[in-house]
Amino acid sequence: MQYTQLTDNDVRQMLDRIGIESIDALFQNVPKRARLDRPLCLPAAMTEPELIAHLGALAGANHGCDELTCFLGGGAYDHFIPTVVDALAGQSEFVTAYTPYQAEASQGALQAFFEYQTLICQLTGMDVSNASLYDGATATAEAALMARGANGRRRLIVSGGVHPDTRRVLETYLRELPMELEIIETPTGLTDPGVLRKACSDETTAVVVQSPNFFGCVESLERLAAVTHDAGAPLIASVDPIACGLLKLPGACGVDIAVGEGQPLGIPLGWGGPYLGFMAVREAFMRKLPGRLVGATRDTNGRRSFCLTLQTREQHIRRERATSNVCTNQGLLALRATIYLSAVGRTGIANVASLCLSKAHYAAERIAALDRFELAFAAPFFKEFVVRTRKDVGKVLQHARQHGILAGVALGRWHEALRDCFLVAVTEKRTRAQIDALVAALKEA
Amino acid sequence: MTSNPDRIPRPDAPPPLLFEQSHPGACAVSLPAADVPTVKPASVIPADLLAAVPPPLPEIGELDLVRHFTRLAHRLFSVDANFYPLGSCTMKYNPKINERAAAMPGFTNLHPLQADEDVQGMLGLLHTLQTALAEIAGLADVTLQPAAGAHGEMTGLMLINAWHRSRGETRTKVLAPDTAHGTNPASCTVCGRHAIPIKSLPNGRVDLDDLRKRVDEQTAAMMITNPNTAGLFDSHIADIAEIVHGAGALLYLDGANMNAILGVARPGDFGVDVMHYNVHKTFSTPHGCGGPGAGPVAVRAGLERFLPTPHIVRRDDGTYALDHDRPDSIGKVRSFYGQTGVLIRAYAYIAALGPEGLRDVSEKAVLAANYVAARLKGHFAFPFEGPYAHEFLIVPQLTQHGVTELDVAKRLIDFGIHPPTMSWPVAHCLMIEPTETESLATLDAFANTLIHIANEAATQPDRLHSAPQHAPVTRLDEVGAARKPELRWRAAEPQDKSAGQQEPPPRIHKA
Ligand SMILES: Cc1ncc(COP(=O)(O)O)c(C=O)c1O
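Residue numbers (this note's numbering), protein chains in the order written: chain R, 1 to 445; chain H, 1 to 511.
Please note that the accuracy of each hint is not assured.
Footprint (simulated), chain H over chain R, 3 or more residues, beta carbon under 8 Å [to be verified]:
no., stretch
1, 39-45
2, 93-107
3, 112-119
4, 287-296
Stretch by stretch, here's where chain H covers chain R in the computed footprint (C-beta under 8 Å, at least three residues) [said to hold, decoys possible]:
no., stretch
5, 66-73
6, 240-246
Everything labelled a hint here was simulated from the structure, so no lab data went into it.
None of the values given here were measured: they were computed from a predicted structure.
We put the CB at the ideal spot given by N, CA and C, even for glycine.
Whenever a hint applies, use it, and build me the whole structure from the sequences.
Below, the structure is given as structure tokens:
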């Protein structure tokens, strides 16, 4: 295939106009030694029907959550995506526009991102949201860097309830900086405010927690915020946006920087990406925010309009002193979240959260009633919980898989102490019959 | 029922915000009622962790929602509707088949923590893409994980830091030309390194004397962009590489401009050790109003062991796997594996074009840029001499009429053309990148329009000062927007007394 439209005749005309004989002359600045004197070693070009068949075969070689019943979570969830999300976010104007630097030619995108920022503030109870970051883990890392930029302190305290992959991303980011990372163990599934208090000091950059945390347990953000604030540090909380339909909002709990993975907001599982990192903060952090911000203003005729603003934080102006290096963000995913949140609305988000809660508790009760299965933690949970089994975890999960069920995520890979455990997530999409089938499969295993 | 006539969309009226359309009781989603016993939240979660009321999201019916976002889409320039010669951004056509590929349920419905056996098609596709990107770069191995160009820069610099550490060194400085994209120095800071600007010569190339002066045993790397941001291939690239390597530093390529050299020259062959791609530029993945992109990083042999975890590998039995066991790796740089949906599109693009097609892309991109430049000769100043790569700079020397590059850019909007990149890397310039996918007729229409605007500047400069007149809005008060930031909608008066929920506890820390 080819996507260029220039014919041989066009090329000849263009060369004439430039005043050269061949395209090769345009590459005269590329030294001979640097040139490739053979074709690239790649598979031959495909025509459109060949490519469709080829891609279909690759897609068909996977076994996804349309074919299997998904109880996997651990940071990505099989929530229902309303048809309007695909239909509207798929409009080619949204898909094929660049970052809205030229405001007059980009009002549609700018208004959508202004709406996104507002919706994220409403959902988290925070003051200011940026226009998106790469994903939940990098948003957490950006939050840590922002806290350091604000107070210059060098010791980041991270709850053991934070997703282990997010912790690893934090480790990667902090390794290059004069910063240390301290993990607070969470043997009960929850962050212990007393232990946190002992760890905090006037060197604490920030405290990072997650709620519901990696084990599904709901933390008391309010108590953790109070302890953190006593050390003069901000609390960074990674939250599940769906849980915000039910739980007290981070902003109301005293959280200073709310971040999270926006995938549950109308974004397909897609084997891990592209997802959406969101970040919303208290007013005091507004000028320290990483990423883009859209603001409302007026045009010369006094009409309400929108533009990128506070750009002096960004790299093209501030270069090495920018608040972050993030430039391209997750615009189209932020648009999906905007459409999702306005489609479900105030009552819908509460309904989705309530369905998750009921179904997860139904599943947990049934599983815990099985011989040789129990819940690993007594802490309150929302849509996800840890199951401990005296059977072999690998065999249990494999048996369920043979029955077309993705029963959960084995935790041994991340937590030595949880080698006999797996994590089960139940969204509003799971039916009673599917949950009963899961329970039956675990029982048989 | 509302009697507000603003509810009927008039073509020129700005659409009300979602929040202004909220209609309590409306909802665009229907879900089945619970088929399990309904659990009262307070029976399983302590009351002090629960909200009294749901978050105050707007409530909108499905048709109004559809109209709202459709109207927004129509207030937006895009590649599918407009010529978009935005320099450095490679706004080429985004093939429709790529969208079809990425939307295949066999890809979209995969959970990232499924077993490798269940995702062999996905792993195989990504492994093939890795291999293709390594071949195009002339380098040994590739990670597909970084989420965008800047994330690739950060990952690349971390790999370079790890390489130095493995040799018992910690180097603190990274050099980059003063014409480098702002993310280059910003990424240095994220990696705890000092960015040192290197001067450019009047001909746009790196000043080798300045480079020699600044490179030392504290230099971890030099970041170059080649062809550079002025659209010029630096013919002294071999000297640059020699100087940098001579100091024990590595050469990093910002691959944002790879669209100019696909199959023509490979970074690994001209001395580059580490580079990132912007697949949302070079490999046709759409920009989505600002993202998502993807910034795969390629490395020279000897640096593979530092690549982020997990890494996709091909086993001896021909199956594919995620390798988590990489003791020398810099670690994880993001959640899960990568911007998979974007990478599928890049794969489809490379598979469609093949080796000859990719080289043809670069030849035609460079031809288009040089053709438009030739058409504009005599009407605009050119800060640098050609031949150009895939983009070039012009400076509208129209100041005698009080006209700036901003005025020219805004006037282009009136003609349905998205403005070029402005005022970077040279003051007052416009950076024009036509790309290979435009027809000759479009290129000619663009050149004619710019020439027309240059004439207008002399005869009717007001047309430029007041532009755009044919866009949904006229010029904005951007200064006012930054002075008094209004970053979210707020209800005129609390919509719902409980919407603010409990008072937040007093704030003790000082941010
Ligand atoms: C030359 C150059 N380098 C780096 C970047 C940063 O890439 P990204 O926006 O994907 O992070 C860009 C584009 O924005 C660029 O044009």
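Taking the hints in turn, this is what the structure says about them:
1. 39-45: n = 7 at 8 Å, threshold three: holds.
2. 93-107: With 14 residues in contact (Cβ-Cβ under 8 Å with chain H), the coverage given for the stretch 93-107 of chain R holds.
3. 112-119: It holds: at least three residues are needed, and the stretch 112-119 of chain R offers 7 whose Cβ sits within less than 8 Å of chain H.
4. 287-296: With 6 residues in contact (Cβ-Cβ under 8 Å with chain H), the coverage given for the stretch 287-296 of chain R holds.
5. 66-73: The restraint on the stretch 66-73 of chain R holds, since 5 of its residues have a Cβ under 8 Å from chain H and three suffice.
6. 240-246: holds (count 3)
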